[in-house]
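Visitor: Protein chains in written order, with the working numbering: chain A, 1 to 405; chain B, 1 to 291.
Among these hints, one or two may not hold up.
[Claimed, not checked] Listed below are several chain B residues computed to face chain A (Cβ distance under 10 Å; list not exhaustive):
| id | residue |
| --- | --- |
| 1 | Leu102 |
| 2 | Arg109 |
| 3 | Tyr110 |
| 4 | His140 |
| 5 | Ile141 |
| 6 | Pro144 |
| 7 | Arg146 |
| 8 | Glu195 |
| 9 | Ile209 |
| 10 | Ala249 |
Hints in this document: simulated from the structure, not taken from any laboratory.
Ideal placement from N, C-alpha and C gives every residue a C-beta, glycine not left out.
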Amino acid sequence: MKIHEHQAKTILREHGVPVPAGSSAASAAQARQAAETLGGERWVVKAQIHAGGRGKGGGIRRAASLAEVEQYAGQLLGSRLVTPQTGPQGQEVRQVLVEEGCDIAQELYCSLFIDRAAGQPALMLSPAGGMDIETVAADHPEKIFRTHVDVLLGLADFQVRGLVANLPVNAAVQRALAPLLQQLYGVFRAKDCSLLEVNPLILTPDDRPVVLDAKMQFDDNALFRHADVAALRDPAEEDPLEVEAAAYDLTYIKLSGNVGCIVNGAGLAMATMDVIKLGGGSPANFLDVGGAANADRVENAFRILMADPHVRAVLINVFGGILRCDVFAEGVLHAVSKVAVEVPVIVRIAGTNAEEGRRLFAESGLNFLVADDMADAAAKVSQVIHSPLPSPSLKGRGFMAQDEA
Amino acid sequence: MSILVDENTRLLVQGMGREGRFHAEQAVDYGTRYVGGVNPGRGGGAALGRPLFNTVAGAVADTGADTSIIFVPAPFAADAICEAIDAGIGLVVCITDGIPVLDMVTVRRYMAGKDATLIGPNCPGVISPGKAKVGIMPGHIHQPGRVGVISRSGTLTYEAVAQLTARGIGQSTCVGIGGDPIGGLNFVQCLSLFEADADTDVIVLIGEIGGSAEEEAAAYIAEHVSRPVVGFIAGQSAPTGRRMGHAGAIIDGARGTAASKIAAMEENGLTVVRSPAGIGAAVADVLDGNT
Chain A
1 MKIHEHQAKT ILREHGVPVP AGSSAASAAQ ARQAAETLGG ERWVVKAQIH
51 AGGRGKGGGI RRAASLAEVE QYAGQLLGSR LVTPQTGPQG QEVRQVLVEE
101 GCDIAQELYC SLFIDRAAGQ PALMLSPAGG MDIETVAADH PEKIFRTHVD
151 VLLGLADFQV RGLVANLPVN AAVQRALAPL LQQLYGVFRA KDCSLLEVNP
201 LILTPDDRPV VLDAKMQFDD NALFRHADVA ALRDPAEEDP LEVEAAAYDL
251 TYIKLSGNVG CIVNGAGLAM ATMDVIKLGG GSPANFLDVG GAANADRVEN
301 AFRILMADPH VRAVLINVFG GILRCDVFAE GVLHAVSKVA VEVPVIVRIA
351 GTNAEEGRRL FAESGLNFLV ADDMADAAAK VSQVIHSPLP SPSLKGRGFM
401 AQDEA
Chain B
1 MSILVDENTR LLVQGMGREG RFHAEQAVDY GTRYVGGVNP GRGGGAALGR
51 PLFNTVAGAV ADTGADTSII FVPAPFAADA ICEAIDAGIG LVVCITDGIP
101 VLDMVTVRRY MAGKDATLIG PNCPGVISPG KAKVGIMPGH IHQPGRVGVI
151 SRSGTLTYEA VAQLTARGIG QSTCVGIGGD PIGGLNFVQC LSLFEADADT
201 DVIVLIGEIG GSAEEEAAAY IAEHVSRPVV GFIAGQSAPT GRRMGHAGAI
251 IDGARGTAAS KIAAMEENGL TVVRSPAGIG AAVADVLDGN T
């Protein structure tokens, strides 16, 4: 789960990490008031969206007067900010962060993340702050320093001493940076972060390190023990269909294609997307109904797929293990009796009681296109998508008449 | 022969709730030697005709259990894994999905230097067809034979196994190592077990996007594995930056893409299948010496 910069900074401030004074605002007037409360003569107005690259998109403005703060906030709020990470449609700005201006002597980079290969958290530090770290890693790998953290030991003094000694900074700065890095690791560990990135971590002219920008992401699996973090979720930053799916316990990710899919299991769901693509189609989504795949979940899955106007066909691919295919088929028939499904539906079921399940689909009076195996399913999807003639949708008028009779 | 589990496995079930009981029953029906269950606070009772214990240590002392399968809910699962290892269980299979990553980092650290193997978490488990089933996979789709299967997925593994069985190709052992970013047994370790198994002739490796385990496996195969390996990568059509269900299945920048994994597999001499529908056919071709 992602949060906004201002939320991340609030968490860091609570843990004693030096961040600039500031507060968030949802209107130009609020922004002006925030700047007035902060005092001083210079402020920074920063668009709050979950995507990165905001500076490049014009989402970070320096203001030299309260009038400018109000003006910039007014321009940013309600606009769609396009950054290298948002895609061309951009992301609507609903809040800005108004901060005191800082004098910058030097910009560093710092991040904490989980290194999968090592199976440990890693701390990465670089003197090349304020830049795209992937570019630094590619062009100047010698400017990146890292250490792994033993979770039983914590980030030890000797590790941070050794790490900051690589930076082109004086001894006083090194002494100030060491506890800051340990505080950051403390937050990472305490809040179950998956990423904590500070870029830039600045040094002021009087040698104080300050966290000028902060990006925090959290392990979804650990949110059960962090109600305070879970409460920071901003559904406005997420796809509305994905938010709805999560409420139904479905794992749904919206994609840009036109073939909706309903699958049990994440690996099989990815493989189903692949087979659609190999057949010349394009998946409209990833959707894992889970191992149970009961009638309620299937019904909600159909509801979500039908809310996507790009979906021209639906492929159901279920491997019945513990789940019996006949029970699943009954669930699907019940679901489609409650949801308007006006596109062709291809069904492929395999495993336990698959024959019985296929018979239920065939005898349902609905136009299910029942496939024998995954290859056949892909072929049927391709046929439906590429056919110049309209394909039979799941339900026609005949179905309604039958249903009422 | 087979790897990890066989007719001598003495299985303990940790977390004898509704799910644990159901799958324990399935395992018993399959012929697995189930020796007891652990449910803190319910010790002294019985489940499926075998005793229930409060602690794994107590269960090991009484039953000689050497393998455990864990159905404990996510908030408590890491503790259950450590308890099993502390009690001297040699093979721990954790089915539980949704364990916090940092919990698993701690488990891995705790396991360092200890003589125990962890499968999972978030996995279907292990089956040696005809011998023992220590997992939630449907037993009836398997058939004893000489193909080893390793996978990060659940239902996709069943799909691959069903394709093999449909062609009369049996399996020595099928191992689901799980879809989480930090887990126990990895591809390389599992490959080395199959390589040492005299009764495995061909290995099927089913990977997915995210991380670099498949690339490492491919490099290992080139150096250390004499058996032919058939590979498939799920998520060829996945976008970057999105987590595809499994916590581990995320393409992060240029790393972890299906293209990079497929290229690594091909460079290292694996037979790579592009379509998930073609896994069984590819293994049949390898067995027939057509590739």
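Visitor: Output the indices of the hints that this structure fails to meet, ascending.
Guide: 6, 7 and 8
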